[in-house]
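*Asks:* The hints should help you fit chains B, C and D onto chain A, whose structure is shown.
Chain by chain, the residues:
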Amino acid sequence: MIDFGYTLTRDRQLDYDRGDFRYLKLVKSLEPSMDLCIGCGSCTATCSAAGFTNFNIRRLHTVIRRGDPESIKAELKKCMFCGKCQLVCPRGVNLRNLILAMNRAIEILG
Amino acid sequence: MDNTVIVIGGGISGLTAAGMLAQQGLDVTLLEKENETGGHLARWDRLFPDRKKASEVLDFAMEGLNKVKIVTGVAITGISRQDHEFTVSTNLRDSGYGMQDAGYQSPVPSPQSPVPSTQSPVPSPQSQYTASALLVATGFDLFEARKKEEYGYGIYNNVITSADLEEQFKSGRKVLTSEGKTPGRIGFIHCVGSRDEKVGNLYCSKICCVTGVKQAIELKEMFPESEVFNFYMDLRMFDRHFEELYYEAQQKWGVSFIRGRLSECSENPDGSIILKTEDTLTGKPLKMTVDLLVLLSGFVPSGGTRGISKMLGLQEGTDGFINSADQHSQNNLSGIEGVFLAGAIKGPISVSESVADARAAAAQIACYLSSFKVTND
Amino acid sequence: MIKFNLFVLPFSLGLIYIVTSIVMHYYRWIKALPAVDKVKLSAGIRTPSKVLASLKEIFLEGLIHRKLWKRNPLLGYMHMSFAFGWFLLIVMGNLESRVYHGAYINAPYYPIFLKFFIHDRLVLFFEIFTVPAFFRFIMDFLLLFVLSGLVLAWIKRKQSKWFGMKQTTMHNFFDRVALSCLWLIFPMRLLAESYTAGYFHGGGGFLTQNLGNLLVMITPGPAELIAYFFWWTYSLVLGLFFIMMPYSRYMHIPSELLLIVFRHCGIQPRKWGSSFSDLEVRSCSRCGVCIDACQLNFAAGINTIQAVYLIRSQREQYIPENIAQTCMLCGRCQEACPVGIKIDSLRLIKRREIGSGQVSDFSYLTNPHPGFADVVYFAGCMSQLTPSIPIAMEGIFKEAGINYLFIDRNGSICCGRPLMLAGKDKQANELIEFNKTLIRQTRAKLLVTSCPICYKVFREEYNLPIRIQHHSQYLLELVKDGKIALQSQHRRVVYHDPCDLGRGGNIYQAPRELLGKISDLEPVEKDRTNALCCGGSLALMGTSMRTKDEVTLDALESLLAGDPDILVTACPLCKKTFSKLSKTEVRDIAELVYDAIPSRKTRIAGTVKDPEVVIS
Amino acid sequence: MKPEGKRQIWDEYQKDIADDNYFYVRSCVRQNFFPGAEKTFLRYMKQLGRNVFENPSHTTCSGIGYHSDIVPFETAMTMVARQFALMTEAGYENFVTSCITSFGLYTEILETWEHFPKVEEQTRVHLRNATGREFLKPKNLAHASDVTFKLRKEIADAGRYRLVNQDTGEPIRVVEHIGCHYSRMFPNKGVGGAEYPYVLVGMIEEWGGEVIDYPERRHCCGFGFRQYLVKANRGYSVSASKKKFDSMKPYKPELILTNCPGCPMFLDRWQYAISEMEGTTYGENGQGIPVMTYEELAGLILGYDPWDLGLQVHQVPVEPLLEKMGIPYDPEKKFLDIDGNFIGKPKSPSFLKFY
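Protein chains in written order, with this note's numbering: chain A, 1 to 110; chain B, 1 to 377; chain C, 1 to 616; chain D, 1 to 355.
Since the hints were made in silico from the structure, they are not lab data. Computed from a predicted model, the values in this text were never measured in an experiment. Backbone N, C-alpha and C define an ideal beta-carbon position, used for all residues, glycine too. Warning: the hint list may mix true and false statements.
Below, a list of computed lysine-lysine pairs in the DSS-like style, where the Cα atoms sit at most 27 Å apart [unchecked claim]:
| no. | chain 1 | residue 1 | chain 2 | residue 2 |
| --- | --- | --- | --- | --- |
| 1 | D | Lys-353 | D | Lys-252 |
| 2 | A | Lys-77 | B | Lys-252 |
| 3 | C | Lys-426 | A | Lys-73 |
Between beta-carbon pairs, the in silico distance windows are [unchecked claim]:
| no. | chain 1 | residue 1 | chain 2 | residue 2 | range |
| --- | --- | --- | --- | --- | --- |
| 4 | D | Ala-232 | C | Asn-322 | 51 to 61 Å |
| 5 | D | Ser-68 | A | Ser-71 | 51 to 61 Å |
| 6 | C | Arg-443 | D | Val-230 | 34 to 44 Å |
| 7 | B | Lys-198 | A | Ser-71 | 30 to 40 Å |
| 8 | B | Asn-91 | D | Asp-246 | 55 to 65 Å |
| 9 | C | Glu-525 | A | Ser-71 | 49 to 59 Å |
| 10 | B | Ser-263 | D | Val-125 | 51 to 61 Å |
| 11 | C | Gln-317 | D | Pro-250 | 49 to 59 Å |
| 12 | A | Ser-71 | B | Lys-53 | 54 to 64 Å |
Extracted from the complex, chain A is given alone in its bound form (with noise of 0.2 Å):
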């Protein structure tokens, strides 16, 4: 192997394909309302750990639905747990406890 002087750069594509949707299966089960989420952002916007830091809920959950649950690994640990989110969405989804199973997801499966 010849060290050029620069690497191979990882792809920022999600690959939908080769996805890892165990964390999905296991979230969605454990709280289905998940799937009602428009994308609207509020649940950031109210978030107390987001304004003080880049936490952002929102992204976390679209995330494992994409497939790609490594990102948010040590982003969740971020979550104060106040609640605040699940009381803005305007589509009901039972957000705090969105966030409790995709911790459980994360310490199912590592």
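*Replies:* Chains B, C and D alone, transformed into the frame defined by chain A:
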């Protein structure tokens, strides 16, 4: 001024207006370029949001048309006007021409139209019709999906349009891929030919959003195991019960919605289609293989609309659709005395709106012919 | 005198079994107590006042069932007749046996089956004032007393409503066997004693003798054999009941006795569980009072997760996750529990097990100096969604001339309680440390919060060296100190007790007193300890939003039955939750107080009418 | 795939390409990348009896600087105007560029002038002030691949070899790669449009090969100017090429045909780089996929000696393809210059099969 009216266009708007006018005792002639009346609706299976059979709506419109003189299969070659009288000249059309003109590439042979045109007198090759009022209801064509070359319609076997899908629904057959397989994953692409500067259409075709949701549900019903994705830019659920249908698609049917416009697609060796889009909600480019891709074609002014518009000198908007005298209060007036507008000639419109608009137009024509002023001038 | 018959064996074996079992259980529970609790226990049992208090409670709750009486007299009587009646039967039976047998120690079965061994002749009228006759009378009376309870128990099976219970517990196999035995014990005793008395023409009291005479007359066959059969049956069901007891709900009887002692010695539930909690689990009588108390049951139709089922699954060593998570932790069942089991603690123990495997990362939090003030105001994160609360509070602070600091004006670090409710105490502690530092830095003497959720955790977990008040307390104090003057608006209001403020913080009076000054406070059916949860509880996980809405709607129906002008609460979460579904205006007590300051200089643009106009 | 659908699109994107008398401008970088390519173009144009004129004082079009954000558009327009002036002075009207980026830039400038005549006037002033030259706009602007496309039948007729495997009789499987600046910006300026360009497909089909489409066909080769020119970004460049290779690999292509200066360079060199970085090769048996320009391929078809075409400077050896097509070559002469001197043999790569 006598009580004669010519309705140009035998789609749902033209039929509804003609029926209304005839029931008010007016002498109505309806000219239709196709050999059958019914327009787009005749090729559609079910309507949003309640999935009513399109044929039922059409049947309803056809009731009370027995006094209407319906002439089908004619091309209008000229319209002249003397005082209050319009003369419309027609010529017989080559029957095969109409389908191509509509930009409608049907993968399956069109089933027999539900509306037999028994009333049609056999028109002589060249005819003339006169009337005191004209109702132009020449409607729209579906955007020719082939123009979005990168979407591969007409090139990749498993790329179809919403109209193709609707015909398959209407035929009652299972929707299969070109390889004859059950589609495991299906993609719907919204805004094909709409809201797209690159095809010259800045406007929203408005009804494709809910059509995509409706068809997604219908495919999920047909194939509960399949995954259905809608790729959208916005979902404009503008009318009553539409948002609920969207909710139902998510909650009951598990249809997925990805916000991102398809950039391009290509074909796999097995005939499946690779989509490239951005999932704008995660901010990442996304690649996905689907077995069947449905393009939700938008509205464009129909060939008939363009032709009649030129003959009459109607006001065309920048989008090619016809401007009415006033979008708010005189939306059925063309600005030319005695010439009225109804339906999708004025832009994208749903069936229910077309029916209401056609009735409004009929009422205005009746007023006009009884010399009751409905305009401000 | 014959003092033995083979039929006493089942009873005797059962008795030996249950006594051994209880002793072993007691030993295990005490042995497994954490060292601190052991010290408390040994000190407690040497303190006469604590022992007396324990005995008093054992008498009142274990025998008389005072709490059940309060809840429903029929229910109370039923339980009392069983417990107290049986207890007296045993005591009196023992005394009675002394009459016939002078020994200090009788075999335990002897008083129980006394009538089998002793056959008095038929007594003459004047002899009823003799000692044996007195006992015959009293024993029959007590038996009747117990049997009356039994009849009620049968009725309760069919008509639980009459007993103030809408739903009763679903029982398991051992429970059913034990219950059947229990129901058979006293009828068998009645039959055995009656037949015996009837056959020997004597020895029975007013009940057994007369019934016995009648039975012997109408039943064919040898009465002595029939009686003997019933003595056997009586012994068998007693023995079987004792053997079933450790495996059934009836173990609650001996367990509760020890629990009462533990409690009087000051032993508390521990976060990660201890033998105290095990004892609590065994002390549950599975009466099902908690099922009726649970809003998830009566408002949302969820009837598998209530305390009784949590405890049962705990006894079976496996708590399904949904039982642990599906609960609002509102504390209503805890208030209703006749045994006084700390159910929320039990549930949280399980949640901590579930939540402990997950880690958090709050490294993004920063700790800038908040500034100095006399009073720190912590609105709580939920108040950001009900901005009229902090606006009113700030207006009042200004009006009263308080040197205050709105510490979470620009968004708060969560108080930590929501994490705790999810069983994530470790993570919560990180947030607590952050907030503690922030609050301490202000050098304030008082912390006022608008959120009962924060209030509870501030008081219980923060160990702050300053006073902590919920704004309802604080505002009342301001009024009493003359810092603000209020003028009643005479609006008809009802007050909703937020769970964490009422049952959680024991603050019931302050908001009522405050509201009394500024409005016409009307009563509601369920208030104070019996108040309903709004349904918005952050503790409730794993249910749909619809379930929450059902709870909210039910609570609203109850609260708004009198069609008040305003529904007042003292919690931003309750306000937000109610506002979603209430047709009646929902406001926080702080807003009302602010409106009631006639002289106030500050205004909330567009939200509050000019006070003069309102007063007129 | 519905071929008729593609044909319909190809029919729509027809382009006028002059038949003779071309003013030819070279690429500034190609002669370093694949020095034989442009020479081969001139050679077969001569063979086919076409008049191609070159002015040695022509310069870069400055597109490489323009696309690297270091040459302003005004400067680029003035330099392009000078090229046109040279053409005008030589009495030519048909402008042919060797480079795709040049072609794109010329097109972009001509379109700009058409829509903004003032800009054209200003450019004329700039050119006049700088050089005193005047110019006429070309009547016909074509890329050299357009011209080759136009002459593809003549080349096939004059050719000695075809894109056919001599052993099996099967057509050679070719993937084509069009330079991004060819028709992406102005689809109607390219043969076949932007989505399914026909310019190389036409040659491959005419010369007997089989075109294969693959999912990442449209993807950029990875050059991207800045991506390559700044070393820190080079990983991005190689990753883009890798994406294409990964996508085409299942289709087992035997040749990559290109029409741009950068594309063959990177599709060729990066195959080596990737093989050294992670040991992956994309052809059969550890071989790479040979990469050629259309001129080199036309030269092979016409029977020119492979080493005269400069194929020895390709990083991915072309010998397997030559053998399949039945084109004789002398391995001994691979590394000899025109005068027969040994120019040195590169070190054998670790993974990529080398000859």
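*Asks:* Hints first: check each against the structure and report whether it holds.
*Replies:* Verification of the supplied hints:
For the hint linking Lys-353/D to Lys-252/D, the alpha-carbon distance of about 17 Å falls within 27 Å, and the restraint holds. For the suggested pair Lys-77/A and Lys-252/B, the alpha carbons sit about 31 Å apart, so the restraint of at most 27 Å is broken. Pair hint Lys-426/C plus Lys-73/A holds up; C-alpha atoms about 19 Å apart against a cutoff of 27 Å. Take Ala-232/D and Asn-322/C: their Cβ atoms lie about 53 Å apart, and the range 51 to 61 Å holds.
The supplied range of 51 to 61 Å is broken by Ser-68/D and Ser-71/A, whose beta-carbon atoms lie about 33 Å from each other. Restraint check, Arg-443/C to Val-230/D: a C-beta distance of roughly 55 Å breaks the suggested window 34 to 44 Å. A C-beta distance of roughly 32 Å is found between Lys-198/B and Ser-71/A, which places it inside the suggested range of 30 to 40 Å. Checking the proposed 55 to 65 Å range against Asn-91/B and Asp-246/D shows it holds: the Cβ atoms sit about 58 Å from each other.
Taking the beta carbon of each, Glu-525/C and Ser-71/A are about 52 Å apart, inside 49 to 59 Å as hinted. At roughly 41 Å, the beta carbons of Ser-263/B and Val-125/D sit outside the given window of 51 to 61 Å. For the pair Gln-317/C and Pro-250/D, the beta carbons lie near 54 Å from each other, so the given range of 49 to 59 Å is met. Checking the proposed 54 to 64 Å range against Ser-71/A and Lys-53/B shows it is violated: the Cβ atoms sit about 47 Å from each other.
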